[in-house]
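Residue numbers (this note's numbering), protein chains in the order written: chain A, 304 to 583; chain B, 5 to 157.
It should be emphasised that the hints constitute simulated quantities derived from the structure, not laboratory data.
Using N, Cα and C, we set each Cβ at its ideal position, and we do this for glycine too.
One thing to keep in mind: the hints can contain errors.
Facing chain B, a subset of chain A residues (Cβ under 10 Å, in silico) [said to hold, decoys possible]: (1) Asn306; (2) Ala307; (3) Ser311; (4) Gly332; (5) Ala333; (6) Thr334; (7) Leu337; (8) Val338; (9) Leu344; (10) Gln366; (11) Ser399; (12) Ala404; (13) Ile406; (14) Asp545; (15) Gln546; (16) Lys549.
If you anchor each label on the Cβ, the simulated ranges turn out as follows [stated by the list, open to error]: (17) A:Gly477 x B:Gly35: 55 to 61 Å; (18) B:Ala82 x A:Asp476: 37 to 43 Å; (19) A:Thr564 x B:Glu32: 37 to 43 Å.
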Amino acid sequence: MANAVFESPRQLEDAYALMADGLARPIAGATDALVQADGDLDAAHARIVDLWQLEELRGIAQQGDTLVIGALTTYTDIRRSPLIQETLPALAAAASTIGAAQIQNRGTLGGNIANASPAGDTLPILLAARASIDLGGTRGERSVSADAFWTGYRQTARQRDELILRVRFPILDGHRVWFRKVGTRRAQAISKVVMAAAWHPSTNGAWHDVRLALGSVAERPIRAIETERAIEGRRPSAALADQAAKVLIAEIRPIDDVRSTAAYRRAVAGGILHRLLSTT
Amino acid sequence: MKMALQVNGERHVVGVSGARRLLDVLREDLGLTGTKEGCGEGECGACSVLVDGAVVDSCLVPVGQVTDASIVTVEGLAADGVLNPLQQAFLDTGGAQCGMCTPGMLIAGQAFLASGEEATDDHIREAIAGNLCRCTGYTKIIEAIALAAERSA
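If we strip away everything but chain B, and leave its shape as in the complex, we get (with noise of 0.2 Å):
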């Protein structure tokens, strides 16, 4: 069926089933591969989209779930050309090694910052808490996401 989705502020109109998965059709369909496929299963984390601000696993939607909603990607976190506070968090605490949970890890640490909580250790910690990195590096990812919110304080 033919359907519009609202991705990073723009709209696609694809002719996809409903019943695929929002991830598929990003990378697939859009081409935006920065949302990455991990476990397919929901445990890892690295499929993390906004849609309408709350961050989910992409390989758990149903495309025709989410044709109403504002979804945001990896690739529409930084504006023209300029990374966003977060990303340039990560840049410089170092709180990206091999990449692959990175996406997932801005997602969910941008959905943090935009709930205004404290941005203490736990809560972060919570708030990350979907997303798995196999570089074992939440500590500087942990640093990352409360220097983000340090800065925008």
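The following block holds chain A by itself, in its conformation from the complex (with noise of 0.2 Å):
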């Protein structure tokens, strides 16, 4: 069997050359396209184009209003960044979930969201706090909002020929942005159900643009626009929880599978939600 072409291009120009014809498979952080491979990146592709050394996707940044983290940005980094810390520290929380330190040292932002996992960690906080996601290709750059990018199942609304540039989150006054993940242990597990929420409260404590997002609960990280209905305008209470979570419950769609049965994925999904809204 022959082996990949292996490319390494350091100008985002050669990158977007080497995948233009929308044959290659690009790499970042490799974490999930090795274990996908079953260890034989020789076997599973005949080109590889290598982004690791595309320094320009690198970096986190504040941008007037916005924060703007590129593709290339390890987990670590994330966890690290004053900036992010600061602006919006659900992302470093997150982060701080994915697999240790030897996942988070490679593991990127832009290759979680590439990969489309319906699991991906950090992606419920990209649809909760309003991010978009820039793609460039050698046809010019364009810009997807979160709410548009996963399509369905491990589908994306980036095309054979794009690469993922950057995230852009606005930076909002007074908003606050929340995670929380469940798995089966605190280390290394893989979520049984993620969920990222963001509002504003408003001087009263009612919560006004509610946005409320999930992972693991159906073929795609995804928004719930019934509960965050249920929410919107009212004021966190046991009566509000008692409700949203019921609401929460019935909306999703979960599945069994090999890390959790749907039964139990709507019961925790409906936990979480409950004590966010009981406690906050």
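Dock chain one against chain two, each of which comes alone in its own frame, and use the hints as you go.
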């Protein structure tokens, strides 16, 4: 069997050219790619475009009222960033739950987005916090909202000749973003349910602009729109927690799989939301 | 393709596919069999090595990604036949049993010691959260890392 052609471009234009025919497999930290290839990338792919040397896709910066994170930024970079701790600590919290140090040192935000696992731990945060994802290729750059990005089971809006360049999060004054993951254990676990929420608390305590997103409860990361409506404009309370948890349990469509059961996922999702609304 | 690798301070030139796992190149091409393969999918940490000081699972690194990097395996910890402080601490506390996880534990522990983080029980546990020991020897491993931190303080 012939080995894969393995290219490591150092300039984005070179990477675009290597991706242009839509046949190459891009890899970033390879933590998912090598598992999916059963340890043998040579057998799995004819051509690999290794993005790891593209320094321009690294980095975390604030541009005006936007937090911009390069696609190659690792979970370790995210955890250690004072800017993320200040502007989007929920993302640092999510990054700290993904694998352990070995994975966090290689796995990237762009990889989590492209891999499009329904259990991708950062993805509900992108949905809740109104992120947009910048894509680029020889045909130019475009930006896709997180809401429109994951289109089906492991399907995304990224075309085969495009690369994920960066993620933009609006920094909204007074908004809160919250994250919670439930897995088998705290380290190394793939989530059974992952949930993120964003809201703007008004002076009387009512939540506005509520967005609630979940992973591992559908074929892709989703927003729970009906549950958002049930919470919108109301003050967290035990009664609201009861009601919203019921709406959420009815709204999501989890499945039984190797990591958990549909019934457990519904119960846990309801329980997590209940706790958020009865203790915040 | 021909590529140069910097492993334990020595330069090696190997002719392998860039898509090959760093783990396989270390063990099969360079004969550095101290690095173990456990699960082969990033769960167990037995294949941990340092890449530019960061602990990674070498089973999940295509070798073509690390040709510019400095790689340290368990063979690179001792110098001139003298164990490094962490290895000595593992011996002193009985931090190794069957030995399968030990190279990875040493590498993860070494990355932790180099981080300068305070050697609390919680911090040490998090630092080795990606390393499984099936002899259930975690307590002595944690003691070993704490001892090495104490001795180097």
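Hints and how they fare:
For Asn306 (chain A), the suggested interface contact is upheld, since its CB lies about 4 Å from the closest CB of chain B, less than 10 Å. For Ala307 (chain A), the interface hint holds, since its Cβ comes within 10 Å of a Cβ in chain B; the closest pair sits about 4 Å apart. For Ser311 (chain A), the interface hint holds, the least distance from its beta-carbon to any beta-carbon of chain B being 6 Å, beneath 10 Å. Checking Gly332 (chain A) against chain B: minimum C-beta separation of about 8 Å stays under 10 Å; hint holds.
Contact between Ala333 (chain A) and chain B, as hinted, is supported at the beta carbon level, the nearest pair being about 6 Å apart and thus within 10 Å. Given hint, Thr334 (chain A) at the interface with chain B, holds; its Cβ is 5 Å from that chain's nearest Cβ, closer than 10 Å. Given the 10 Å rule on beta carbons, the hint for Leu337 (chain A) holds: about 5 Å separates it from the nearest Cβ of chain B. Restraint check, Val338 (chain A) versus chain B: the minimum CB separation of about 5 Å is within 10 Å; hint holds.
For Leu344 (chain A), the interface hint holds, since its Cβ comes within 10 Å of a Cβ in chain B; the closest pair sits about 4 Å apart. Hint on Gln366 (chain A) is violated. Least Cβ distance to chain B is approximately 28 Å, over the 10 Å limit. A distance limit of 10 Å between C-beta atoms decides the matter here; for Ser399 (chain A) the minimum to chain B is near 9 Å, and the interface restraint holds. A cut of 10 Å between beta carbons decides the hint on Ala404 (chain A): the least distance to chain B is about 5 Å, and the hint holds.
A cut of 10 Å between beta carbons decides the hint on Ile406 (chain A): the least distance to chain B is about 6 Å, and the hint holds. Hint status for Asp545 (chain A): violated, given a least beta-carbon distance of 35 Å to chain B, over 10 Å. Annotation: Gln546 (chain A) was flagged as interfacial toward chain B, and the flag is violated, the nearest CB pair being 37 Å apart, outside 10 Å. Interface restraint check for Lys549 (chain A): the shortest CB-CB distance to chain B comes to about 36 Å, outside 10 Å, so the restraint is violated.
With their beta carbons about 60 Å apart, Gly477 (chain A) and Gly35 (chain B) fall inside the hinted range of 55 to 61 Å. The hint said 37 to 43 Å for the Cβ distance between Ala82 (chain B) and Asp476 (chain A), and at roughly 55 Å that hint is violated. Hint check: Thr564 (chain A) to Glu32 (chain B), Cβ distance near 42 Å, so the stated range 37 to 43 Å holds.
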